[in-house]
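Number of protein chains: 2
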Amino acid sequence: MSDTNALEVLIQSLRCLPGVGVKSAQRMAFHLLQHNRAGAETLARALNEATHSIQHCALCHTFTQAEVCATCLDERRDTSKLCVVETPADQSAVERTGAYKGLYFVLMGKLSPLDGIGPKDIGLKKLFDRALDGTVHEVILATNFTAEGEATAHVIAEGLKGRGLQLTRLARGVPVGSELEYVDLGTIAHALVDRR
Amino acid sequence: MSDTNALEVLIQSLRCLPGVGVKSAQRMAFHLLQHNRAGAETLARALNEATHSIQHCALCHTFTQAEVCATCLDERRDTSKLCVVETPADQSAVERTGAYKGLYFVLMGKLSPLDGIGPKDIGLKKLFDRALDGTVHEVILATNFTAEGEATAHVIAEGLKGRGLQLTRLARGVPVGSELEYVDLGTIAHALVDRR
Numbered sequence: 001m002s003d004t005n006a007l008e009v010l011i012q013s014l015r016c017l018p019g020v021g022v023k024s025a026q027r028m029a030f031h032l033l034q035h036n037r038a039g040a041e042t043l044a045r046a047l048n049e050a051t052h053s054i055q056h057c058a059l060c061h062t063f064t065q066a067e068v069c070a071t072c073l074d075e076r077r078d079t080s081k082l083c084v085v086e087t088p089a090d091q092s093a094v095e096r097t098g099a100y101k102g103l104y105f106v107l108m109g110k111l112s113p114l115d116g117i118g119p120k121d122i123g124l125k126k127l128f129d130r131a132l133d134g135t136v137h138e139v140i141l142a143t144n145f146t147a148e149g150e151a152t153a154h155v156i157a158e159g160l161k162g163r164g165l166q167l168t169r170l171a172r173g174v175p176v177g178s179e180l181e182y183v184d185l186g187t188i189a190h191a192l193v194d195r196r
Numbered sequence: 001m002s003d004t005n006a007l008e009v010l011i012q013s014l015r016c017l018p019g020v021g022v023k024s025a026q027r028m029a030f031h032l033l034q035h036n037r038a039g040a041e042t043l044a045r046a047l048n049e050a051t052h053s054i055q056h057c058a059l060c061h062t063f064t065q066a067e068v069c070a071t072c073l074d075e076r077r078d079t080s081k082l083c084v085v086e087t088p089a090d091q092s093a094v095e096r097t098g099a100y101k102g103l104y105f106v107l108m109g110k111l112s113p114l115d116g117i118g119p120k121d122i123g124l125k126k127l128f129d130r131a132l133d134g135t136v137h138e139v140i141l142a143t144n145f146t147a148e149g150e151a152t153a154h155v156i157a158e159g160l161k162g163r164g165l166q167l168t169r170l171a172r173g174v175p176v177g178s179e180l181e182y183v184d185l186g187t188i189a190h191a192l193v194d195r196r
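Chains V and D supply the protein sequences, listed in that same order.
Going left to right, the first sequence walks through residues 1 to 196 as UniProt numbering numbers them.
Going left to right, the second sequence walks through residues 1 to 196 as UniProt numbering numbers them.
Just so you know, not all the hints are guaranteed correct.
Unchecked claim - Label pairs and their calculated CB-CB ranges:
no.: 1; chain 1: V; residue 1: P119; chain 2: D; residue 2: E181; range: 52 to 60 Å
no.: 2; chain 1: V; residue 1: P119; chain 2: D; residue 2: F145; range: 49 to 57 Å
no.: 3; chain 1: D; residue 1: L73; chain 2: V; residue 2: P119; range: 53 to 61 Å
no.: 4; chain 1: V; residue 1: G21; chain 2: D; residue 2: T146; range: 16 to 24 Å
no.: 5; chain 1: V; residue 1: H190; chain 2: D; residue 2: R37; range: 35 to 43 Å
no.: 6; chain 1: D; residue 1: D115; chain 2: V; residue 2: H137; range: 28 to 36 Å
no.: 7; chain 1: V; residue 1: G21; chain 2: D; residue 2: G98; range: 21 to 29 Å
no.: 8; chain 1: V; residue 1: Q34; chain 2: D; residue 2: K161; range: 23 to 31 Å
Simulated from the structure, these hints should not be mistaken for laboratory data.
Values in this document were obtained by computation on a predicted structure and should not be read as measured data.
All C-beta atoms in this analysis are idealised placements derived from N, C-alpha and C, irrespective of residue type, glycine included.
So that you can see chain V by itself, here it is in the shape it has in the complex (with noise of 0.2 Å):
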């Protein structure tokens, strides 16, 4: 396969997509070129527009077309509301529920010191001016609940401490459906501690 330079060129390039290795990569490259080419020009097209024309929203930092997103824009929802989230996907669950009519802010990561991202690359200063605008009277906290959407909501809180606003967490507790029997049992201590 010497001569199908293209071919390797192609593989390569499809390792640059996250979870992809090179087996994975050579069966996507031969089934698209085998069975998909159509797909495989709509990709290349969807990739350019998608690289050329998606900014972040000036307000809240998630991926948009235009300079201030959608939801931003929406008149109908409540200003003075302000929910944080890791990424676009978190925000799209929150927004899913139908229980939020704030507005949002996406970090479009987390902090995760041994991956060397800090605060600077989750444009925590962009957030704290957003916060601090004057508009917003509470900032709800809805980083994951893993070690490092802890550790990134505890540094925003201790950002935002004293300067006026109310500053939640979405609650810890057992998951709606669930059995005790099988739910860990950090979840049920957290769950006690935080009864009602």
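Got chain V sorted already, so can you dock chain D onto it with the hints?
Frame of chain V; chain D shown alone:
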């Protein structure tokens, strides 16, 4: 995220990759946009280049950018032997052994009636023409030792029977370096039958 049309198009387009569902596609899209836009652009270029320049070798049916691939053009190869494999990855595995100096025919698939893949879809006609072009004396069936691979080998053997060709199949047996205790019984049974 209703205004991020390019993002949703990208997520949908990534799902054309085998083994990528909606969650993986989201993760890939976010990763590329957040951490590796250069990689995304390289991938788009590689996809375009590959879909436009890669075709099938006129002789062995593998992927190549030329009319005939480098392996088929290599004059040091034994043109009397033709090794039939399912995919370019299989061909590359045989090639890396260094134990084979003949030519190849790459089916680019296998018979799989359940998936609607019949003899026409894997170019058996082209293989028969190639095997009967007068230069080939031995056809080595190196399809995989799966149900579909065995069926494919059987159909090819039936099609070429009685045409003056020597038809061989890769030996089945105990893998190098393995202990009998841990080898599956079907393999040991085959190794017993094919003992020499």
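Quick rundown of the hints versus the structure:
no., hint, in the structure
1, V:P119 / D:E181: 52 to 60 Å, "56 Å, holds"
2, V:P119 / D:F145: 49 to 57 Å, "55 Å, holds"
3, D:L73 / V:P119: 53 to 61 Å, "58 Å, holds"
4, V:G21 / D:T146: 16 to 24 Å, "22 Å, holds"
5, V:H190 / D:R37: 35 to 43 Å, "39 Å, holds"
6, D:D115 / V:H137: 28 to 36 Å, "58 Å, violated"
7, V:G21 / D:G98: 21 to 29 Å, "24 Å, holds"
8, V:Q34 / D:K161: 23 to 31 Å, "28 Å, holds"
Consistency note: the structure conflicts with earlier hint 6 alone.
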